[in-house]
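**Q** What follows is the residue order along each chain.
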Amino acid sequence: MFHRTFASMNTRLSMVLPSTADQAGARLADEVQRLLREQESIMSRFSPDGDLAVLNRHAARGAVPVNDALWTVLDACMRHHRLTGGAFDIAQGAGRPGHGMHHLDMDPDAHTVRYTEPGLQLDLGGIGKGIALDLIRQFLLDRHVEQAFLSFGESSVAVIGRHPAGVCWPVGVEHMFEPGTSLHRFDLRDGAISTSGNRPGETHIIDPANGQAVTGCRTVSVACPGAADAEALSTALFVLPAARRAEVLRRYRDAQAVAFDYGLAGGAWRVEKEWRYEQ
Amino acid sequence: MSSNPLDDIRHEAQERRRFLARVAGVVASSSLLSGLPWMAPLRAQPAGDAASDRVRIGVIGTGSRGSLLLQYLLRTPGVEVAALCDDYPPHLAEAMAAAGGKPKAFSDYRKLLATPGIDGVVIATPLHQHAPICLAAFAADKHVFCEKSLALTVDECKAIARAASASPRVFQVGHQRLFSATFLHAHELVRAGHIGPITQIRASWHRNNDWRRPVPDPRLERKLNWRLYRATSGGLLTELASHHLQVANWYLDAAPLSCVGYGSVNHWKDGRDVYDNVNVLFRYRDGVTLVYDALTSNRHHGLEIQIMGPRGTIEGESGRFYTEEPPPAPAVAALVRQIEEGRAATVAIGAPSWKPEAKSGEVGQALRHELGGGDGTELSMAAFANAIRLGQRMPHMIEHAYRSGIAALMGQAAMDEGREIAWPGSYQ
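Which chain is which? The protein sequence lines are S and X, in order. Start counting the first sequence at 1; every next residue gets the next number (my numbering). Start counting the second sequence at 1; every next residue gets the next number (my numbering).
Bear in mind the hints are in silico, worked out from the structure with no lab data behind them. It cannot be assumed that every hint is accurate.
Using C-beta positions, here's what the derived DEER-type ranges look like [to be verified]: (1) X/337 x S/212: 41 to 51 angstroms; (2) X/333 x S/46: 22 to 32 angstroms; (3) S/54 x X/208: 43 to 53 angstroms; (4) S/54 x X/310: 30 to 40 angstroms; (5) X/31 x S/30: 56 to 66 angstroms; (6) X/286 x S/27: 40 to 50 angstroms.
Coverage of chain S stretches by chain X, computed from C-beta distances (three or more under 8 angstroms per stretch; other residues unrestricted) [as the list claims (entries may be wrong)]: (7) 14-20; (8) 160-172.
Quick caveat, the model's predicted, so the values are computed rather than measured. Glycine included, every Cβ here is placed at the ideal spot set by N, Cα and C.
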């Protein structure tokens, strides 16, 4: 078995490859780190020369040509934006109501992007880890890796094959205040899970419907075949009212989801399964 | 507190015996620790009270460091402090009182060395006296513990190292970090490759005081404040830096090839002729550098040695180990264990995303303390006594003493001469 954990995209990536020997695993992990550095330079808002950062600086002043890699990412985001009825939106920002991906003018023939609203900024923080996980998984499959467990900051997990001692990878949603306790189990085979949530007092996900940060300590976890799909879905479901979630999930093949609500009762955190969806 | 200080000492000696018995177990059960020649004597269970087990030691130099070593010796099982020597009567009187008046008192070390029945000496005098006393002690066929730094000149260092290697007796130097649990653990991490090959060591000792001792009579200035004058000391390099120079040489398993540096008196302009700040760079093989500085006009950064490699950083004084890469999440570590054990269970993992807690990716892991939380001085005294009793020499000690002693003098010469100073070669 090979395993390695390293820093990437302001969090950590853990690779566990049960049926890969140390030396081969180390070579693969080096390649994966290279691949992630490329992805980070494409998708990060913060690396000044990065593709997304350049786009954010110039696209409000006119159409900016975008390379294939970033185009593919933005095109996928646009698809998720449509499929989630606008709930997934990479053009949100705290205190910027009225912003949104409808202000993106993407020219599919010229591969150019223009922001029709000044001050608009794209942020791939909500989906970037999923996109990277899909790429890593494909990279490993191309190199005949038959079993893998990949965790990106623990909020995004993707697997290949099955646990060597089981028929699947049994992955639980961890209780936020009781480490090691699983609240719900997904049986993953060649699939992915993403969890979006707020820790107490945290507000980092914006509801595109009103431009406000979503408050409340709760989580939404989504399991589906693709890691980027799972990321987009968990982010979208987090802001959507329960009544609209099933309709969105039906547009994605084999998606399952579960939501938990945390509340303080008598000084202790209590958790409730708020909602669940299986196809 | 009882009225008789010797009762307290007896009580503490019992505790010391239990502690040393535990240390013996720890060292014996660790092939790494018992493989270190200076730790091997600590495998022996604490000595009993039989006269044949007793090691008779004389302490030469009973000032601040000497009196501390005396405290440890008085509490070390199987040690009889048989003689004390100092040429400054108040220090000698204090030491005699601390030892309950039992040892013989001397003002001349030559008379102590000529006294029959003394097995070994502990030398804690000003630096310029190390060489003559060490050489006389070896000539008198004594076991020798000499405080760091080794000596005031390169020639003296060579002479002591030669005499120590020629003598069948034990030689030990006062580099207590060789006996410190955290520095031993850090050494183990370095050897096991946990930080990768060492690429740089950075060490510093910053204080904000004049480094002076009170002087009751101006005529005693040079005697009591011997650390401030070139005739008796090498200043910050020999009195402070030599500890970290020793750790660097130990972990790199090498002596420095050369040294450059600057020093000056830029704050304490009080007539001292040693620098009040020193800044030196030591070059080692494979392009590795030790960056060292000591300051007496600012204490903000305190005392630290940082050992760095591509995989991690060790901070020796604070006893922390930082990996360059983050550790796996507990859930991932649990999954790895499951797979190793051939079982599958639900891995509870989840949001929100983990974020690094510090710039280095994690709060450092604490290094071990199972040899006691002390700085190693206590164990170094116990090891000296055991080595004498067992007749076990510690040849590595000569190298540790010689390399750090010489490195300190190289640093001083580099600053004084304003040029690169090369390693002056072996003592052999």
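**Q** Now tell me, hint by hint, if it's right for this structure.
**A** Status of each hint after checking the structure:
A beta carbon spacing of about 43 angstroms between residue 337 of chain X and residue 212 of chain S agrees with the range 41 to 51 angstroms that was offered as a hint. For the pair residue 333 of chain X and residue 46 of chain S, the beta carbons lie near 29 angstroms from each other, so the given range of 22 to 32 angstroms is met. Checking the proposed 43 to 53 angstroms range against residue 54 of chain S and residue 208 of chain X shows it holds: the Cβ atoms sit about 49 angstroms from each other. With their beta carbons about 31 angstroms apart, residue 54 of chain S and residue 310 of chain X fall inside the hinted range of 30 to 40 angstroms.
Taking 56 to 66 angstroms as the suggested C-beta distance range, the pair residue 31 of chain X and residue 30 of chain S does not conform, at roughly 33 angstroms. In this structure, residue 286 of chain X and residue 27 of chain S break the distance hint of 40 to 50 angstroms, their C-beta atoms being roughly 26 angstroms apart. For the stretch 14-20 of chain S, the assignment as covered by chain X holds, since 3 residues bring a beta-carbon within under 8 angstroms of that chain's beta-carbons and 3 suffice. Under the rule that three or more residues need a Cβ within less than 8 angstroms of chain X, the assignment of the stretch 160-172 of chain S holds, with 8 such residues.
Of the numbered hints given earlier, the model fails hints 5 and 6; all others are met.
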